[in-house]
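Chemist: In case you want the letters, here they are:
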Amino acid sequence: MSPLRRHRQLTRIWQSDPGWKGWFTTVNHNDLGRMFMGTAIVFFLIGGILAMLIRAQLATPRSAFMGPEVYAQVFTMHGTIMMFLFAIPLIEGAAIYFLPKMLGARDLAFPRLTAFGYWCYVFGGSMLLFAMFAGIAPDSGWFLYPPLSSTLGSPGINSDFWLIGITFVEISAISAAVEITVTILRYRAPGMSLDKMPIFAWYLLVVALMILTGFPPLILGSVLLELERAFGWPFFQVAQGGDSLLWQHLFWLFGHPEVYIIFLPAAGVISTVLPVMARTTLLGYAWVIAAAVALGVLSFGIWVHHMFATGIPHMALAFFSAASTLVAVPTGIQIFAWLGTLWKGRPQLKLPMLWIIGFFATFVIGGLTGVMVAVVPFDWQAHDTHFVVAHMHYVLVGGFVFPFLAGLYYWMPLLTGRKRFFRLGETAFWLVFVGFHVTFLAMHWVGLLGQRRRTFTYEGGHGWEVINLISSIGGFITAIGFGLVIIDIAVNTVFAARIRRDPWRAGTLEWAMANPSPAYNFASLPRVSARDPLYDDPALPHRIARGEGYLGDAYKGQRETLVVDIATGEPLQVVVFPPNTPLPIILAFVTGGIFLGLLTKLYWMVPLSLIGVAALMALWAWGLGSRGDDVMRDVGHGLNLPRAATVPQPPGWWGSAFLLLADATFFASLIFGYAFLWTVAPNWPPPAYLEPGIIGPLVGLAGVVVAPFGIRLAERHLRRGGTMWPGVALALAGAAAMATAAIMAVRAAADPELHAYDAIIWVIAGYVLVHVALAAGMSIYATVRRYAGYVAPDRFGEVRIARLWTDYASVVALIGLAALQLPGAVT
Amino acid sequence: MTTLVLLVGCENSLSTVDPAGPAANVIATLWWIMLAGATLIFVFVMVLLALTFRRPGVADADNPVGEDGAARGREKVWLVGLGLCFPLVVLAALLAYGLVIGERLLPRDDPAVVTVHAEGRQWEWRFSYADAPDLVTENVLHIPAATPVDVRITTVDVIHSFWVPRLAGKLDALPGHENVLRIEAWKPGRYAGVSAEYNGPGFLGHRFVVIAHDAEGWSAFLTDGAP
Ligand code: HEM
Ligand SMILES: [Cu+2]
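Sequence order for the protein chains is A and B. Start counting the first sequence at 1; every next residue gets the next number (the numbering used here). Start counting the second sequence at 1; every next residue gets the next number (the numbering used here).
Because the hints were derived from the structure by calculation, they are not lab data. Glycine included, each C-beta is placed from N, C-alpha and C at the ideal position. Do not take every clue at face value.
Said to hold, decoys possible - Pair by pair, the computed Cβ-Cβ distance ranges are:
id, chain 1, residue 1, chain 2, residue 2, range
1, B, L135, A, T151, 33 to 39 angstroms
2, A, I136, B, L51, 31 to 37 angstroms
3, A, G460, B, E216, 56 to 62 angstroms
4, A, I49, B, G225, 48 to 54 angstroms
5, A, F672, B, A93, 31 to 37 angstroms
6, A, A230, B, T39, 29 to 35 angstroms
Stated by the list, open to error - Chain B is faced by these chain A residues, among others (derived, beta-carbon under 10 angstroms):
id, residue
7, S2
8, V238
9, L245
10, Q248
11, I335
12, L368
13, T385
14, F421
15, F422
16, F456
17, H462
18, E465
19, S626
20, R627
Stated by the list, open to error - Which stretches of chain B does chain A cover? Using the computed rule of at least three CB atoms under 8 angstroms from a CB of chain A, they are:
id, stretch
21, 193-202
22, 209-215
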């Protein structure tokens, strides 16, 4: 087959449907990555316009432009949009678009999940935009502290839009994180062992695991606060055993890791782009990875530094202050690794490098002021002033926006296939860079002079007027600069000439393909033996195009890529991806029905949508798997590999395992919240604790033992060619027993509106019920698949998935039900 | 009404770098030291960055400057020396300093201490006094000058934060909890205070004044409640 014919055939296999339909049915990461990034940039523009409104309002004292109510919506939406609808989705989009290319794969592990996440993001984001244009946007600040954000301070629907809309959007973060993790671990080029992985992938692996463990506390907090607002379950109301501090803990347990979830991908961009700009390789690859991992781990231990002024005990303050200053160490290692890289190379002042210099000058200041506010006494003064506003913008804009702009210009050839011809980019850089510092540098000072954040105007006479005016002028210069960046990219995309392959002469695999990237990425999958495959073997791109790698034969019109061993990168299986389908957008739409029902209080929509979601998911999973034909596949070079759907731990098992990591974090946060209220909330103990009794715990315990045993029995019989029914029946009986115990606990509890304790019982029991139902559903599903021929004695992966969920349900039932009975048992 | 009048003039200063009491003073000193240190570090990093450009760039076509024998030595200098040890030393010093100061700002037992209560609500402050149980003032807090004062901070509705920048840092008023902040004014005078945690549309106007009295003024206030 000639390279051109191969290109045509593979393009036909991988491209999206023609016409407008293609937008809604595509599951290809090339399209979805671009759509994610494009949508995130639209949100950046909206958030930017809100920032301009803020600066217009604050330019002069006693401005009559906005009143306090409108201003509250504007700053809340600015922060919310920038954090949740711009930064995180832009990262997801970049990961989705670049990771398979850098790793040497043709797509991400779960293409339809990518699309589903995208549509959840669009629908959830639209809810918030709707609220904003209707003038009923959330208005208690981006961290939404109750009681102000609860029914007491915000009786309207404003906070509900945040709680429900953002939770909807978080589905996309969790699904992206699951598939980024699985992709990095298992979907790489043959021979790409962990120590040969591009540094960007290492960063994203850390980030994805952080999303899986960082977002669940926020999702839990949102669920609890929405339950309080909608049904009066008093988790955060002190009179009935709640505590508003619980929200702060849950929020910042998410919120601080979030800051590093935003920074680390940007650091990954720098670690990738900077060495190329200096014509060298990264100094201290292993050090940088260790630093990224250390940052990820440390960032979970320092959330309390956002709560230094809440009256936390002094010892705790000292601990969290020490931990917070300590994060400067891994950050310092990265900064000096980059400087050392520049030092050993020959840096060239091209446009991406210019943005990286902008990053250094800005982020270092943000890091230094960060260390300042980590020192508790200083934070008591600086907290909630414009000093903090300045600090966080130095970190977020300097540490995230600038590196991503460096990356945008660096990877533009791949995205658009064009050379830069009109040189607006340099002017834009200087406008943004100078404008930014004009806006935010003096803002530190006005904060120290006492200007509080979130005040809609101010009186003259504090020495604030000049600084605020300068700041506003700087803000508008910055905005013009960003406008110019967008014009630059648009103009160059449309008018500039095509560009040759690998224009920067970089070494990573994404440059082995033509520009713009073809829908299938690699005509054949190369074997790599170095960290920079293109430096190692400059002829690699030609060999790929000539089909000399693996899977170069466009077999049967299937979308295929390789699954490799985690550590060594040796190919183990061939995966066949699903084709274009509208299923993801339909599923996202029906999922939206759940959220819309909750928001509008049309509660009948919720169970209806849930049934729809379950049906669609069954349909979704039905298309996967193999009936046993065509199990082995000759991938080239004499290698014969099994289809991934036929192995004991198929991709779905890996996806489930990492989804359960997020789920377990959610559950752990719930137990943490329960323990926190028990020990810290003022109005405890509740009027009465649950009486454990004998029957409930015994029934529950029996279920916990029987269900995992049953599903194992089913697997054993299946693998011997027997029937699954006895085992599945046992598993279902176990599930029923656990469900019974949970229901008995709820029925013994008091009304959940009475006390936070009773409300917590309802939530924990509800959580157990949901997981027991999921496990039971999967066991039944696996049995049905047995009759359809997908599950067979030598293809029992789906039973393994059911087993994983059954085990998880049993563990949470054991812990959850024991936790409910504990106070009653000890008192 | 009186507050409005009082807020005019230089007494409305909210500046943390114009301290009028020991706590704010210690923190202001901390700030200036940290500013000096941060400036030095920033300049140092920028100089290093500028120096990396000391050699002219090479043409595009050149192969990357690969690993050479010097790589190990480089890692030692850049990563161990500058990346690891340098921040560790600086941070350890800063942390120790911060902890010592934090210790000093704690509301320790002291026979001279005067206790007052600050109760926040949307959008006013009510102050009461341990030494004069019947006395309640709204939006004006009276304290004796040159005496340590413990402010016991509570709220009846949402979260507020009690902040008199020229006297001390801020501390939150949380539903169901009582937080104690130690403040002290060196000299008699009026000091502006604000609520620092966003608490709804009336946030901007949620201000108060602290009046520090000399000894006679204070006992006069305690006996007849007049400022
Ligand atoms: C150059 C563009 C920007 C300008 C001029 C700007 C300006 C501001 C200002 C003045 C505030 C304080 C409002 C107040 O407290 O009254 C603010 C808050 C905030 N900004 Fe920005 N901003 C910009 C870009 C960004 C970006 C890129 C991000 C994040 C990636 C961001 C995240 C935030 C957050 C989280 C808040 C806090 C909102 C709250 O208090 O609830 N901003 N911004
Ligand atoms: Cu933080």
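Chemist: Are the hints correct? Go through all of them and say.
Modeler: Going through the hints against the structure:
no.	hint	verdict
1	B/L135 with A/T151: 33 to 39 angstroms	holds (34 angstroms)
2	A/I136 with B/L51: 31 to 37 angstroms	violated (55 angstroms)
3	A/G460 with B/E216: 56 to 62 angstroms	violated (35 angstroms)
4	A/I49 with B/G225: 48 to 54 angstroms	holds (52 angstroms)
5	A/F672 with B/A93: 31 to 37 angstroms	holds (34 angstroms)
6	A/A230 with B/T39: 29 to 35 angstroms	violated (51 angstroms)
7	S2	violated (29 angstroms)
8	V238	holds (3 angstroms)
9	L245	holds (6 angstroms)
10	Q248	holds (9 angstroms)
11	I335	holds (7 angstroms)
12	L368	holds (4 angstroms)
13	T385	holds (8 angstroms)
14	F421	violated (17 angstroms)
15	F422	violated (21 angstroms)
16	F456	holds (6 angstroms)
17	H462	holds (6 angstroms)
18	E465	violated (14 angstroms)
19	S626	violated (44 angstroms)
20	R627	violated (50 angstroms)
21	193-202	holds (count 8)
22	209-215	violated (count 0)
Checked against the numbered hints above, the structure breaks hints 2, 3, 6, 7, 14, 15, 18, 19, 20 and 22 and satisfies the rest.
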